[in-house]
Amino acid sequence: MEKDTSLEKPSEKAALPANYLPAAVEPALCDRWEKDELYYYDPSRPRSETFVVDTPPPTVSGELHIGHVFSYVQTDIITRYQRMLGKNIFYPMGWDDNGLPTERRVQNLFGVRCNPASPYVQGFKPAGGKTDLRNYDHVSRRNFLELCSLQTLEDEKKYEALWRRLGLSVDWRQNYSTVGEYCRKTSQLSFLDLHKKGFVYSTQAPTLWDTTFSTAVAQAESEDREVSGFFHDIKFGVEGGGEFVISTTRPELLAACVAVVAHPEDARYKELFGKMAVTPLFMARVPIMPSEHADPEKGTGIMMICTFGDIADVEFWRNKKLPLRQIIGRDGKLAAADFSCGPFDSANPEAANAAYLQLTGLYAKQARTKTVLLLSEAGALAGEPKPTKQAVKFYEKGDMPLEFVAARQWFIKVLEHKSELLEQGRKVAWHPDYMFKRYEQWVEGLNQDWCISRQRYFGVPFPVWYPAKEDGSADFSKPILAGAERLPVDPQTDCPPGYTEAQRGQPGGFVGDPDVMDTWATSALTPMISSRWADDKARHATLFPADLRPQAHEIIRTWAFCTIAKAWMHENSIPWHNVAISGWVVSPDKGKMSKSKGKTISPETLLETYSADALRYWAGKAKLGQDTVYDESVFKVGMRLATKLFNASKFTMMQMNGPAAAGGKLAAADITEPLDKAWVDRVKVLVEASGKDFSAYNYAAMLLYTETAFWDFCDNYLELVKNRAYGGTPAAARSACAALEWTLGVFLRLLAPFLPFITEEVWGWSYAAALNAPSVHKAPWPSAAELPSPSGDPLVLEMTRKILEAVRAHKAAGKRSVKWPVIKLAVECGPKQAAALKLSLADLMAACNADRAGVSVAETGADDKDPAVTVELGAA
RNA sequence: GCGCGGUUAGCUCAGCGGUAGAGCGCCUCUCUUACACAGAGGAUGCCACAGGUUCAAAUCCUGUACCGCGCACCA
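Once you know that position 103 of the first sequence is 103 in the numbering used here, the rest is easy, because the numbers rise by one and skip nothing.
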């Protein structure tokens, strides 16, 4: 190229493509990056040079939506910056395919439901086409799990294709799946380790229970929803004479009433303390007790304690060792009860049983209506029901209110470790920092240990068996733990040591723990899964704790919390040094996109329409922690930036390859012209700020001003120097070309984390070879020190730009084109301004198409004022 | 009830002590040999409200209102 010095027009010389076609370029680059192993982690480099990302494993439940694209790109942007700093990047991807979302998807997709009692069918093929839940085929646990595995495999292929197409710089060799063998092993090992360390225990205790899915859930998975209800005033008798009225929104729990409480200072009820109340309908004798948590202002000031209406009931019941009258069954219906014996006390068992029989088998809500009717008939209602709004706990994925159901569950002790967990949270750098408050508030508000048992199927089983008692039931007091070397085990199909399969469920034999673990119990381990804590201690030491955990804010209380908890319990460490909290994509009416409307906008379609770079640009514009309104016009802006980058680069290359190239390789020392020096200084300032902001996770701010600088480059600097770069004296041309070459190289690198495709494409035209850096994504992050040229005077640039703008405004007002000749250009300004302007006057005249004879600069103004500009255009 | 964000041009947002900014949209013009998938120019704000600190406040402080979110309560 350097040999050809003939004075061709730049456009005739270039062999660069005429138009930018991202649809062709982007997929080709994806393939090349994979072939070149560009994003592979290098295990031979030390921890200090490594940047470890604890990527969120997306839930495999069908489709990735625009909200995923948004947050995963933000992580990729940060990671790409770290890579350009020279870091050895460990950036895995995982699939969270374990748990209820997958079960639900498989159920509905194939019209099946898991029934552990069904026999296994070899080569089972679901009939499909079923829409009514009641007709779903019952399949064995093993068949169900096989369907789950098949379906997730299918979905994961689609997920990976999308992530690759978006340019996520993941090392795909590090992929894991939370239900895969290795994760099951890690998760079970974690359980055993926590058990050994005394962090885990099992107990028969009332826990939050979802009646739809028939499983226990954790506090973290529950959410409050406002529900309309009624206060019902119910008359209670007092043993030995008298009565009082309690107010309740849940009359159906009357049969489960175990006590009545009022505030200790409440004069109205003080004298009742110590006496026994008698419930209507069931004639149960329940103690009347003082309790601080009864609010004299609320209802009638005296309330019933039931097993169980809410967490306060649970606590009071536990403290006072009251009897358990569990009437809500696991299916949400009122279970049978006998008031003539056992925990259900009654002064008139026959009447109580007769009343209760009418409620048995009803769902809680139906039982409520029926109870009110019965009370009314019995004359036990005082006044009309009063409407009220109440907050009720729901499983976040369910539609029925949660109940408290007493059942045997495994728990991780978090309540007694709140202060340690807060301390661990403080050691992590939160971005943005105020997100730590959410964590803090969550930990402080915890009121239950972390329940990790789920009465489900597609998950990690507890590696536990129990000896069977004489009646074949489990003796929970002596759990048999699996040996670490056997993991993963499935106690439903594997035998505990020393037993044979024939002894399963037999007297004197064994029983496998039937439950699986909470998904979060496994997800809590992602940094330890990636580091291979379970089977490679040396690797673990180089990858743990991780550097960055990216995640969304709604799962601070689940994922961030449980990861911090487990890292502390297992390793006495924080799991990562930084946590970056992304915002949500919200629809224009401010609802969360991913919940409903997001499903109608497929990322694949957007990629086709706008390109990956355009989508990435949109994600890069949003600050961490901040929700973004979905707005397709931003994609267009991103696309325009990529196109501009393409065209400006093409043009810059033409200049660089023009006559100036005859002088050999361009260098910093070639930059001698005052305007070029001033420009280069501006870029240096940009470079310095960008590194600082990127390191502080302020990538969005950095993109904003980098983009502004780039447009300034195109609209002003490039316009001012293009004539000189191509047709100036050799030294003047080389000065411009050297500045152009460095500047473009800087912009390509600064924008590479955001727009990895177009920058890589342009980089390949000449920089890759010239700088011996085949990919811009492994090129060094720009630094001002790269260009040790002497400083210029910023006033040169400022003055030139001001006059150029004034001339343009004049041409626009005169409705003339930008290249219209200027016959007179008179500038009146201060002496310093004049001196600066004279240094770039030739460039200015060329850019304005001004005739030298008509140009004058007078020092008649002041340096602290804007120059006065008089312009006269040539005749039409 | 407690806490955290937010309130800036029609829209989406940046700025966070020193003369109000960007993009989109809108209006006018221009095919200039990188780009019409473009360029040039222009209009548009009691920076939510009320007090205070300061030479100077969109920016700091104190309240208020509204929006979003989190936590708690949830008889």
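In short, the hints are calculated from the structure, not lab data.
C-beta: ideal position from N, C-alpha, C; glycine also.
Do not rely on the hints blindly, as some may be mistaken.
[Said to hold, decoys possible] Calculated lysine-lysine pairs in the DSSO-like style (CA-CA distance at most 27 Å, straight line):
1. Lys321 <-> Lys275
2. Lys650 <-> Lys623
3. Lys389 <-> Lys418
4. Lys644 <-> Lys437
[Said to hold, decoys possible] Ranges between beta-carbon positions, derived for each pair:
5. Glu416 <-> Gly361: 20 to 28 Å
6. Asn115 <-> Pro27: 44 to 52 Å
7. Lys196 <-> Ala770: 52 to 60 Å
Note to self: Hints numbered earlier in the text: which of these fail when held up against the supplied structure?
What the structure shows: When the structure is compared with the hints, numbers 2, 3, 4, 5 turn out to be violated.
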